[in-house]
Amino acid sequence: MRQCSSAALLCCASSCIVLLGGCASSTPQTAAVRDFASLAPKLQSYHELTERYRYTYQREQPFLDAAADAAERQQDQQRQQACDDFVKLQSGLLAYMQALGQLAGDKQYDMEDQVKALASGIRAWPEQGLDDRHVNAFAGLSRLLARSVTAPAQQAALQHLLRDAAPAVQQLLDAMQNLLRLYQRSSENEQAIVLGMLETELPYADPQRQRLLRALAGVLQQEKRKEYHLFGLRSTLARQHLETIAERHQALLAQLPAAPAPQERP
Amino acid sequence: MSTADDIETLASQLSDCAHALHRRILQAMRPPAAPQAQIQALFGREVALRTCANGLYLDAARLAASGLDPARQQVLAVTVRAQQALERIQHIKDVFDFSAELLALGAAIASGKPEHLLRPLENLKHQLATLGHAPP
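As you go down the protein sequences, you meet chains A and B in turn.
4 is the number of the first residue of the first sequence in the working numbering; add one for each residue after it.
57 is the number of the first residue of the second sequence in the working numbering; add one for each residue after it.
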């Protein structure tokens, strides 16, 4: 009886596959979207640099005189508020990329879990005359079936999301690229303030009476130079990451089929 | 050119002026070195210029800065010339006078109030004209 129902299930699955066979496979486009979505972790470098920009004043503070400190403190408040918004740009883009990733394939993994559960359920019936070969075939078929039922809807949702979000995403990417450039420029001034203070004060320190001070300041100078050099490298890398994301997104949009014409009404 | 681009260009220009001032400070530190108090005062101005520039970068970043007015283009041209002039000035007293005017201009730009811009702009243009007649 059970054997009979399993066979019927297999048969039913096969006929559905025949019917839906055309849409069963993952299109090259969904693969490209998955690749694009996998770039999402690269947005982390933008986040890090925004947080670094947020703490500009804290890094400068020990090197400022009273007048400069007052001006910088005021700027710091504005910067803190602005950075809250700058960070949000990234989370918007991140959510978008994750949604694309899910539409282009992540859901499939959920279904595979279900298929596996089904397959192990079948295995628990040892005397039904179903061997591993059948079980695997069944699992394979039901996986294809699950995909072919959901694929057209997912594909439509995917194209919809790509098309509708395109202008906003482009704006976000532009803004983030601009911000990274501005962080870099601002950091160049910060560097000039920090290193410049040491550079203009050190030669006036007495070599005999202020030996310790000169030694410590010299070490600090080296460390600070290294720190700003590393920041420069990270900044370049973060900009490259964003550029890659922007290029790949542009390529996805270029592959997008034309929007379906609005339905005619009688 | 959009407003944000404009503001960024201004900020870069002020940064360049600060850079030119820094080179002059280092020059003044060579033997016979200027007194430390003078160097500190000049460096204070360099820091103030850089703070102005960073304030403008922040404005550009917020994309929320309101337009300054058409004087901006003029300011840009003047700061380019100011930067070149700073390279040429020989006497530390002139560097002092000059950096003070530049700073006033920077502060007026950073405050975003065009009505405060006119006087320092005129002063700086006047100084540039005087320097222009002096031998290089």
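Just so you know, the hints here were simulated from the structure itself, not pulled from any lab data.
This structure is a prediction, so every number in the text was calculated from the model and none was measured.
Treat the hints with caution; some may be incorrect.
[Claimed, not checked] Dumping the calculated SDA-like pairs for lysine to any residue here, alpha-carbon to alpha-carbon at most 20 Å:
no., chain 1, residue 1, chain 2, residue 2
1, A, K91, A, Q194
2, A, K229, A, A169
3, A, K91, B, H75
4, A, K91, A, E246
5, A, K45, A, E250
6, A, K227, B, R118
[As the list claims (entries may be wrong)] Just some of the chain B residues that point at chain A, by a computed CB distance under 7 Å:
no., residue
7, Q94
8, I95
9, R101
10, V103
11, T107
12, N110
13, G111
14, A117
15, I148
16, K149
17, F152
18, H172
19, A185
We put the CB at the ideal spot given by N, CA and C, even for glycine.
Now for the hints, and whether the structure bears them out:
no. : hint               : result
1   : A:K91 with A:Q194  : 27 Å, violated
2   : A:K229 with A:A169 : 40 Å, violated
3   : A:K91 with B:H75   : 34 Å, violated
4   : A:K91 with A:E246  : 19 Å, holds
5   : A:K45 with A:E250  : 14 Å, holds
6   : A:K227 with B:R118 : 28 Å, violated
7   : Q94                : 11 Å, violated
8   : I95                : 6 Å, holds
9   : R101               : 10 Å, violated
10  : V103               : 5 Å, holds
11  : T107               : 5 Å, holds
12  : N110               : 5 Å, holds
13  : G111               : 5 Å, holds
14  : A117               : 5 Å, holds
15  : I148               : 14 Å, violated
16  : K149               : 19 Å, violated
17  : F152               : 15 Å, violated
18  : H172               : 16 Å, violated
19  : A185               : 29 Å, violated
Consistency with the previously given hints fails for numbers 1, 2, 3, 6, 7, 9, 15, 16, 17, 18, 19, ordered from lowest to highest.
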